[in-house]
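> As a plain string of letters, each chain reads:
2 protein chains.
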Amino acid sequence: MNEALATRYRNFLARAAELSDLESAVALVGWDQETMMPEKGILGRAPLAATLAGVLHEKMTAPALADDIEALEREKGELGEQGAAQVRELARLHRRAKNVPGDLVRAVAETTSKATAVWQRARADKDYPTFAPLLEEMIRLKRSVADAIGFKDDPYDPLLDEYEPGAKTKDVARTLEDVREFLVPIVKAIGERPKPKSDFLEKGYDKPLQDQFGRELIKAMGFDMEAGRLDLSAHPFTSGIHRGDTRLTIRYHDDFSTGVWGNLHEAGHGLYEQNLSGELRRTPIGPACSLGVHESQSRLWENLVGRSRNFWKANFPRAQQVFPERLGKVSLEDFYRAMNLVEPSFIRTEADEVTYNLHIILRFEIERDLISGRVTVKDLPELWNSKFKTFFGLVPPDVALGVLQDIHWAAGYVGYFPTYCLGNIYASQFYAAAKRDIPELDAQIGRGDLLTLRDWLVEKVHRWGRTYPSPELIRHATGRDPSTDDFKAYIRTKFGELYSL
Amino acid sequence: MNEALATRYRNFLARAAELSDLESAVALVGWDQETMMPEKGILGRAPLAATLAGVLHEKMTAPALADDIEALEREKGELGEQGAAQVRELARLHRRAKNVPGDLVRAVAETTSKATAVWQRARADKDYPTFAPLLEEMIRLKRSVADAIGFKDDPYDPLLDEYEPGAKTKDVARTLEDVREFLVPIVKAIGERPKPKSDFLEKGYDKPLQDQFGRELIKAMGFDMEAGRLDLSAHPFTSGIHRGDTRLTIRYHDDFSTGVWGNLHEAGHGLYEQNLSGELRRTPIGPACSLGVHESQSRLWENLVGRSRNFWKANFPRAQQVFPERLGKVSLEDFYRAMNLVEPSFIRTEADEVTYNLHIILRFEIERDLISGRVTVKDLPELWNSKFKTFFGLVPPDVALGVLQDIHWAAGYVGYFPTYCLGNIYASQFYAAAKRDIPELDAQIGRGDLLTLRDWLVEKVHRWGRTYPSPELIRHATGRDPSTDDFKAYIRTKFGELYSL
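Line by line, the protein sequences are chains A and B. Going by our numbering, the first sequence opens with residue 1, and the numbers climb by one from there. Going by our numbering, the second sequence opens with residue 1, and the numbers climb by one from there.
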């Protein structure tokens with residue numbers, strides 16, 4: 001690298017570090033708002049958040065950064081593999097930011113703010129027509145965003161790219177269609193089998209005890225509480241604020257499942273954030289690879305580990321000790337069957353591991369068609385219900401249990417849904433590879449040793465950050481192309497046995 | 001105002017609002033670091049804090065802001081009183097920021113970081129010589145800061161101005177000398193009187209109960225918990241993060257005093273922050289007037305209210321109920337005398353209401369002379385001890401109880417100390433004026449009604465923000481020029497009666 005280029009690259013990295021710090025500030029402000037901020041704080045918090053977003057946008061679109069990026073791209077060959085990845089990643093974000101006009105960004109923010117408020121009331125009142133004009137406006141704006149960023153094949157591509165960098169709509173559509181065709185008959189078959197008893201998982205679980213038990217599990221997973229926290233929030237989330245500071249949030253109801261599997265899920269995200277490479281921190285390839293890969297980590301711990309017989313062979317005795325009244329007389333096998341109850345239901349967030357994916361695929365198909373204009377907002381309730389009938393054999397009794405249940409569209413998260421299903425698919429592929437690499441993995445988990453698996457994930461997934469796009473990361477980690485094979489095998493084996501399919 | 005000027009003024013206010021939001025972000029990040037951040041978070045927090053400070057500096061010194069300020073100053077007469085105050089305040093901060101070179105700012109930050117670490121060890125080891133070179137460096141840098149900002153009379157002026165805008169060293173020196181000459185003989189006289197019993201205030205106070213009782217008092221003062229929080233931190237502080245979000249922190253030991261009077265003190269700061277004008281928020285005159293005025297609010301509640309007979313007439317029965325074992329058999333009068341124990345001691349932060357001021361004056365005299373070069377860092381331990389002997393009739397047995405006790409100089413807070421004493425003086429003047437305006441004030445407080453006083457402070461002090469410099473605010477609020485008369489009368493009356501002087 002010649003001196004001029006080296007200087008460019010240093011400046012580029014200094015700007016990237018500043019951007020990363022500002023993103024950390026945004027993350028901290030967001031975490032605080034959900035967990036600590038007093039009620040009236042919103043008066044000052046809204047402008048603060050807008051100002052930080054504005055500064056971030058200004059820095060991301062700075063002409064001097066554009067110059068550095070162009071110069072570095074011209075001599076990409078000189079930068080080495082890692083340097084090229086750094087430039088690729090920041091160039092992608094820079095161009096996205098630069099191509100979307102400020103007025104459009106502000107219009108999305110304003111519509112989000114109005115639409116989420118109206119959505120909340122509309123859902124409570126089961127009143128779709130009141131929400132429809134705002135959803136129409138949001139879809140129109142999101143289509144404008146897609147047009148501003150530009151695309152070759154599908155206007156949904158640039159929206160998807162925000163959450164799953166580099167992914168293409170047609171590939172995702174093919175994958176999800178494959179999963180749908182696989183799952184619909186399985187869900188139907190399971191529906192014809194007798195259901196396991198699961199009432200002992202409901203009600204009567206003391207919240208402080210849930211918190212204590214959850215913290216024990218999180219610790220066993222290797223989540224470092226000296227580099228993180230666990231707090232309460234209305235909607236659980238994980239925020240990797242910056243190096244040495246990863247924060248999980250959770251809510252507890254009086255049932256067993258919300259807390260425990262919520263803890264495992266968030267700690268799965270948390271392990272990923274905690275184990276991003278220290279050296280890559282504050283660089284463009286420092287953050288997690290994609291939302292799909294992020295979700296693969298949470299779902300791997302929540303489901304592939306956390307709803308397995310082996311995991312509970314190690315942990316059920318302790319659960320019985322903590323909750324003797326509810327679980328003292330339940331057998332491990334009944335507990336295992338209860339936690340793996342599969343049953344079509346209306347609400348995505350309460351869905352089991354199998355049907356969950358159909359909820360996602362339904363939303364993906366609809367939002368892709370909304371953006372392309374193949375369907376209109378007016379048609380939505382009907383379309384939702386007819387798809388729901390096809391996927392689950394049921395029709396939602398009202399819009400609150402149907403098309404109005406999620407905040408995502410009101411909040412402008414279009415392109416986000418498919419990453420939930422990709423996460424489940426990736427999780428199965430990672431877990432299958434871990435089992436090949438660690439033949440005694442099941443036995444270890446059955447003894448309560450989760451750290452070998454954790455270390456495998458750190459080595460194969462976490463520490464790479466955004467060095468590779470998700471398909472390449474998956475190839476590196478598993479030695480195979482991304483595919484739905486492991487997901488199908490996992491579902492077939494586990495639920496085949498459980499439901500004698 | 002002509003159209004061009006109006007546009008300038010709008011742009012100016014928009015920039016000021018952005019600066020205010022960034023200051024809020026800095027405040028939130030700082031609060032989080034002291035209360036919530038996990039231990040290892042410092043790895044990412046240090047660069048985040050530096051980046052935010054850098055962005056703030058960049059925005060504060062932006063050439064476009066300089067243009068607006070100059071244009072507005074040229075046509076100051078057109079802006080009205082409030083507009084002129086807005087320009088005056090931001091111009092002051094802008095010029096301070098612009099005149100101090102970036103290298104000097106970074107050198108202060110680096111020296112602060114080194115010096116505070118070395119100071120901590122040096123204090124533990126009672127080892128002044130190890131700390132001296134870093135203190136010398138800090139004093140040299142602070143003098144450079146003063147030279148860069150510029151001054152007419154005294155190089156200490158621009159340092160003082162950071163904390164007490166507009167104050168002049170010679171005026172502060174005259175005021176503090178006056179207080180010193182008044183207090184030294186009083187402290188000596190009290191030293192010759194028998195001391196009240198106060199052992200029942202020490203030890204045996206349960207921390208959760210202290211927290212409960214403290215929250216009751218804070219609520220009675222009118223601190224709004226829907227617009228604020230109370231958390232634990234190693235060193236209590238109050239942070240007015242932004243509108244609707246004021247956060248108090250406290251620590252509890254196992255004694256009565258640290259918690260209760262700490263709560264009253266911080267809630268005094270908190271009431272000020274909560275009651276700054278909503279309309280002036282995010283403008284240059286939105287924040288609190290000065291550190292001296294801020295401290296007047298905390299000390300007014302801690303001492304003039306919180307160590308008065310009337311306050312405890314209302315609240316002692318409840319204190320006895322909460323802490324029956326320690327206070328059940330103590331009389332109100334003995335309790336009152338114990339909380340007002342005056343006794344020369346070595347440590348400033350543990351000093352009583354009377355001797356506290358002498359601790360401050362000693363530090364002010366020393367730091368002013370360090371900056372002017374009249375005394376050197378080498379001479380400090382000896383100078384400290386000889387002044388201490390003159391003020392208190394005692395000599396500290398070692399440097400940990402002497403010159404090394406405070407973090408301020410290591411942290412670069414030169415010019416800060418006098419605001420503690422100014423706060424006590426202002427507090428007395430405000431309280432005397434409140435009593436003139438509300439003849440039944442004592443009786444109200446004796447009944448537990450603190451809200452009339454709170455409302456008076458909101459109306460006369462809090463809501464004005466930085467509209468006036470502190471002397472003018474005091475004149476507006478009290479109808480009199482700033483003076484030490486009320487302070488002297490308060491001390492003479494209260495402690496004259498307590499100690500039969």
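For the record, the hints were derived by calculation from the structure and aren't laboratory data. Incorrect hints may have been included.
Each pair may be met inside one copy or between any two copies, as identical chains are not told apart.
Unchecked claim - Straight-line distance between alpha carbons at most 35 Å, and here's what the computed DSBU-like set of lysine-lysine pairs gives:
| id | residue 1 | residue 2 |
| --- | --- | --- |
| 1 | Lys-40 | Lys-59 |
| 2 | Lys-168 | Lys-313 |
| 3 | Lys-76 | Lys-59 |
| 4 | Lys-40 | Lys-313 |
| 5 | Lys-126 | Lys-170 |
> For every hint, state whether the structure bears it out.
A quick look at each hint next to the structure:
{"no.": "1", "hint": "Lys-40 to Lys-59", "verdict": "both (30 Å within a copy, 28 Å between copies)"}
{"no.": "2", "hint": "Lys-168 to Lys-313", "verdict": "neither (41 Å within a copy, 74 Å between copies)"}
{"no.": "3", "hint": "Lys-76 to Lys-59", "verdict": "both (23 Å within a copy, 33 Å between copies)"}
{"no.": "4", "hint": "Lys-40 to Lys-313", "verdict": "between (47 Å within a copy, 33 Å between copies)"}
{"no.": "5", "hint": "Lys-126 to Lys-170", "verdict": "within (34 Å within a copy, 71 Å between copies)"}
Comparing the model with each earlier hint shows a violation of hint 2 alone; every other hint is respected.
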